[in-house]
Amino acid sequence: MSTVAAPPLSAPAERIRGLLSTTPLSDRVEVRDLDLPTLEVAPSDWPAVARFLRDDPGCRYDLFLDLAGVDNLKRKGQKTRFEAVVHLHSLPKNEHVRVKVLLPDGAPPALPTARDVWPAADWFEREAFDLCGFDFPGHPNLRRILCHDAFVGNALRKDYAPGQRWFATEEDMKMPAWSQETEARAGHFETQTLSIGPSHPATHGIVHLIARIDSERITRAETQIGYLHRCFEKMAETHTWNGVIPYTDRLNYVSAMINGVGYVRTVEKMLGVEIPERGILVRTILSEFSRIMDHCVNIGANLVDIGALTNFWYLYQPRETIYGLLEACCGARLTVSYVRVGGLAIDVPEDFVARCRALLESIPKFLSDVDRLVTNNRIVRNRLQGTGLVSKEQAVAWGLTGPMLRASGVPYDVRRARPYDFYDRFDWDVAVSTEGDNLARYLVRMEEMRQSLSIIRQAIEIFPEKGPVNSSDWHVVLPPKDAVYHDMESLIYHFKLIMEGIRVPRGERYEWIEAANGELGFYAISEGGGGPYRLKVRPPCFPMMAAFEKIIIGGTISDAIATLGTLNVIAGELDR
Amino acid sequence: MSGIVDVGVRTPQKLTFAQRLYLPEILAGMRVTIGHLLRNIFAIRKLPTILYPEQKRDYSGRFRGKHILKTREDGTLKCVACYMCQQACPAECITIVAGEHPKIAYEKYPVVFDIDMLRCVFCGFCVDACPKDAIWMTRDYELAFFSRGEAVFGIDRLIEKPGIPVKDGYGYRPYYPGDGTVPPTDAAAAPVQPGDGERAKLREKGLLPVFRPSAPRIAAKI
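Those protein sequences? They're chains A and B, same order as listed. Following the numbering used here, the numbering of the first sequence begins with 1 at its first residue and continues without gaps. Following the numbering used here, the numbering of the second sequence begins with 1 at its first residue and continues without gaps.
Quick caveat, the hints were computed from the structure, so don't treat them as lab data. A couple of the hints might just be wrong.
Claimed, not checked - Derived lysine-lysine pairs resembling DSS-like cross-links, with alpha carbons at most 30 Å apart:
no., chain 1, residue 1, chain 2, residue 2
1, B, K161, A, K365
2, B, K14, A, K550
3, A, K93, A, K269
What the hints assert, rightly or not - Covered stretches of chain B (in silico footprint by chain A; criterion: 3 or more residues with CB under 8 Å from a CB of chain A, positions within the stretch not fixed):
no., region
4, 124-136
5, 148-158
Backbone N, C-alpha and C define an ideal beta-carbon position, used for all residues, glycine too.
Please put together the full structure from these sequences, using the hints given.
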């Protein structure tokens, strides 16, 4: 073997290597240290490594976060053309790890399914099958998930021509096989298959639920998604790093600001630029307001679904005012496009702090109104309490994050587990509940809104009156306009940034933040060009929707509707 | 940093006898809703709803609506057809075809400047990208069309017409009066003196490259 001394590994990577050396896998797994400890394994070793990572007491990587298929066709210095990149989190150790399953060239890309180790892998593997053409032997339901059944090819392969169009007709849309079976052998006259959606008012987006019901109870269900799929990840590959930002607004469009912050943080970490304190605080304040908005929409819509219409307006009124604040900052209410790599598009208006304070005054009133109307109302209790139950173990196994996970008793909040920006400076509580039912999720969200208000209040206290919001690095941030008009050098920087994009150094990075509905991760690969080589989003509601068909088994259709509301599934982010 | 709050414990899981009786809770709820009702009746002017289109929302000066092409004092476009906005546009909705300007001081000007308003996502990247202060946005958001072709706005519908006030006022732009941002002193508003055919002379001498429009005009599919 080579005698060149490898650079020293970080503590977690060194620990994993130490633990691995006691197993027969030691010489077949390479441990590297990128932004995260990274394991490189062959597909044949993947099941054993997966079990080791989940079960070894020194690892305990129990939360499956993401599986990204990567096509290295146009990337230099990679071992194989295809790799499946898995991101895991260990709740006991509070650490992330990356596993790269290198799929050997010369054979169709295939790796064994990890579905029996982490049930959350189910839909992520279907996604990689659909978009990258990876095969997962052992997966019982390996079908396309985001693209429709008449789609030919794999969109995220680098040799796929994106200009092609595939049309799906009604005949191409397949119902699951089991739903047909029921029709054929309907022994019980009350057993029938019910199709809810795709365009149903209770789905709040375009989601198709196929449920088999025995009188009132759901005995089997399956959700079909992808109706809003526009391949954000492929679009990102054809844009500059900044040009992706308007697309991120359309992921979780209820709290668009948070997506943008999550994305630019990834790029900023790759570049190593520092943002002035004022810029970070603006992002934090508006992100927390967006979180309040997201929870307002979620609770309001959920209560509408179960018949409590009034709350909708009480919750939408603060949302309206927050939209006004966002519009005053950046010029748009919903699709804000406010952040830029290296800062913000434009400084906040002069009355920013005053408007924030006015909002802080008005929002608690509406929250307490809703609280008084709903929380102890027996009708609401009957609908929410004890329905949509998710136990702690199930929540972790299904890869849930955010309020869903916390309502099941796991106090995992990225803002606390890995404080980014200034979250460690603020005094706030993580809202949890051990019940794991729909009521618990409602209560967790209500409390999170109050905690967000508290965070904003503290952020405003330390908010500098004046100061820059952008980094002063002109390799990243556009120079000030006045300089561009006057100064040739500034104009050249401006021109290079617009025409070629920011030059992000080669490498890869996974950055994660707490979005309104869970851990939002961006896995970006740069080849040194002006745009991403590959950008993978870890959408928090993707595993939630995957879990939905398991949560509703045994309940009634009306419970399923109430549960769908508390999941907080946003179709724009789900289908990307 | 602080702790963890268990909302499941703080809010009792079991309702009290009075709460289970429906009626007291419903009356408590009615108090909230009737309170709102009375407040709305007696403070009807403060209602958050807007009676559009009679009444319009007062948007900020940063609103990102329909674009406007700024002009110099002599009414010609400030745009020099540098393609920066076309390149920066994430929705690829801007089509520019450059022409050779008769005045050598400008060299290029847009023969065609089309924005497909159905593709545009109103992100304001074009305003940020413009090095000549030539494109701004307005607060005009009332854009409705009878056909797709009609949604492609050319120079005639984008140019700021002298003497005619901009519909709904200016929106997103590089600087705002009274906002701490200084208007650029050299935003090329002053007209350049008429040329004396200098470019034609240069062309005759073969000192100018052959002019090629760089982008074909894309006709909207109807």
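Verification of the hints:
Distance hint between B/K161 and A/K365 is unfulfilled; the C-alpha atoms sit about 48 Å from each other, more than 30 Å. Note on B/K14 and A/K550: the hinted pairing holds, with a Cα-Cα distance of about 27 Å set against a maximum of 30 Å. Proposed proximity of A/K93 and A/K269 is supported: the alpha carbons are some 23 Å apart, at most 30 Å. Only residues whose C-beta sits within less than 8 Å of a C-beta in chain A count toward coverage, and the region 124-136 of chain B has 7 of them, enough to reach three; the restraint holds.
Three residues within the 8 Å Cβ limit are the bar, and the region 148-158 of chain B against chain A gives 0, so the coverage statement is violated.
Hints 1, 5, counting from the list given before, are not met by this structure.
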